[in-house]
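Visitor: Sequence:
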Amino acid sequence: MRTALAVLALATLAAAPAHAEVTAQSDNGFAVKHSVTVAVDPDAAFAMLRTPAKWWDKDHTWTGSADNLYMDAQAGGCFCELIPNEATTESGAPQRTLRGSVQHMQILYVDPGKLLRLSGALGPLQGEAMAGTMTVSLAPIKGGTRLTFEYVAGGFMRMPQGEMAPAVDGVIGAQASRLAMALGPLVGGGGADAPAISDAEPELAADTDAAADDAGGSVSSLVADLEPDDAVSAGKDEEPVAKPAAKPAVKPGPAAGTRPLARPSRDRDPEEGGR
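Using our numbering, the letters of the sequence shown map in sequence onto residues 9 to 283.
Treat the hints loosely; a few may be bogus.
Here are the simulated BS3-like pairs of lysine-lysine, each with C-alpha atoms no more than 30 Å apart in a straight line [claimed, not checked]:
| # | residue 1 | residue 2 |
| --- | --- | --- |
| 1 | Lys122 | Lys62 |
| 2 | Lys150 | Lys62 |
| 3 | Lys66 | Lys122 |
| 4 | Lys150 | Lys122 |
Estimated spans, in silico, between C-beta atoms of each pair [as the list claims (entries may be wrong)]:
| # | residue 1 | residue 2 | range |
| --- | --- | --- | --- |
| 5 | Lys62 | Val110 | 30 to 36 Å |
| 6 | Ala137 | Leu116 | 15 to 21 Å |
| 7 | Lys62 | Asn36 | 31 to 37 Å |
| 8 | Gly192 | Asn36 | 16 to 22 Å |
| 9 | Asp75 | Lys150 | 17 to 23 Å |
| 10 | Gly135 | Ala52 | 33 to 39 Å |
| 11 | Asp51 | Leu90 | 25 to 31 Å |
| 12 | Ser73 | Gln134 | 17 to 23 Å |
| 13 | Gly108 | Gly84 | 19 to 25 Å |
| 14 | Ile91 | Phe164 | 37 to 43 Å |
FYI, nobody ran anything at the bench for these hints, they're computed from the structure.
Keep in mind the model is a prediction, meaning the values are calculated, not measured.
Ideal Cβ placement from N, Cα and C applies to all residues, glycine included.
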């Protein structure tokens, strides 16, 4: 039992929202915000987000089963729940056409991998004169994605809104945590303050330009310096300069005072002169 409780505690801490709070509250409304980081890219996170049957808590459904949830993730689409009908015909066949349904929220805005916005009063707020808007934004961060849930509700209700705001905050936080667990929480990936990758790109580009300037000028000037010499023309109107003719090579004569290469003939013996 202690081991099971320890595992449950670790799982809860790993999936706990990195940022959670009631951001605004008044006599006629409130706003809550939760952020989680997951170890998948925004497209994979969005694919799970639009499949509530895989992560939405069954305790916050009308039928007691998350399998009955579905989402048509396009503008005007429905985040809905089917209500099975157990009635049968006279022959005993189930009357599936008589099943019911309930709308949790309606889709207002869809940008896959970036943003999903829905409108609707969740849970018991549906029975009151309340309106609600939930915006889920996805931002790429190092190692995964940060998902931020913001729910704003307002209108008239027959119960103190001061009591309802913390309850709704807890439900939104629990659903965000369940989504993070379904995707795989990003351990050590930073929280709500972790910069998105797109936010860091301009600074990186500025640093690259500064490095190029320090190296001796802009990138265009560096490219110009790499032009081959023969690509530089003297102009269309100028005649090419003729190269001077090569002078014939002159063989050098023997230097003064040097001995000729041919050996002189030996003098005959005087006695043989008359022979």
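Visitor: Decide, hint by hint, whether the structure agrees.
Guide: Hints, one by one, checked against the model:
1. Restraint check for Lys122 and Lys62: satisfied, since their Cα atoms lie roughly 20 Å apart, inside the 30 Å limit.
2. A hinted pair counts as satisfied when its Cα atoms are at most 30 Å apart, and Lys150 with Lys62 qualifies at roughly 25 Å.
3. Note on Lys66 and Lys122: the hinted pairing holds, with a Cα-Cα distance of about 26 Å set against a maximum of 30 Å.
4. Between Lys150 and Lys122 the alpha-carbon distance is near 16 Å, which keeps this suggested pair within the 30 Å criterion.
5. Between Lys62 and Val110 the C-beta distance comes to about 19 Å, which lies outside the given range of 30 to 36 Å.
6. A hinted range of 15 to 21 Å for the beta carbons of Ala137 and Leu116 is consistent with their spacing of about 20 Å.
7. Range check, Lys62 to Asn36: about 35 Å between beta-carbon atoms, so the 31 to 37 Å window is met.
8. Take Gly192 and Asn36: their Cβ atoms lie about 39 Å apart, and the range 16 to 22 Å is violated.
9. Between Asp75 and Lys150 the C-beta distance comes to about 35 Å, which lies outside the given range of 17 to 23 Å.
10. Take Gly135 and Ala52: their Cβ atoms lie about 36 Å apart, and the range 33 to 39 Å holds.
11. Checked against the hint of 25 to 31 Å, the C-beta distance between Asp51 and Leu90 comes to roughly 27 Å, which is consistent with it.
12. Our hint of 17 to 23 Å for Ser73 and Gln134 holds, since their Cβ atoms are close to 19 Å apart.
13. At about 21 Å, the CB distance of Gly108 to Gly84 agrees with the hint of 19 to 25 Å.
14. The hinted window of 37 to 43 Å between Ile91 and Phe164 is violated, with their beta carbons roughly 27 Å apart.
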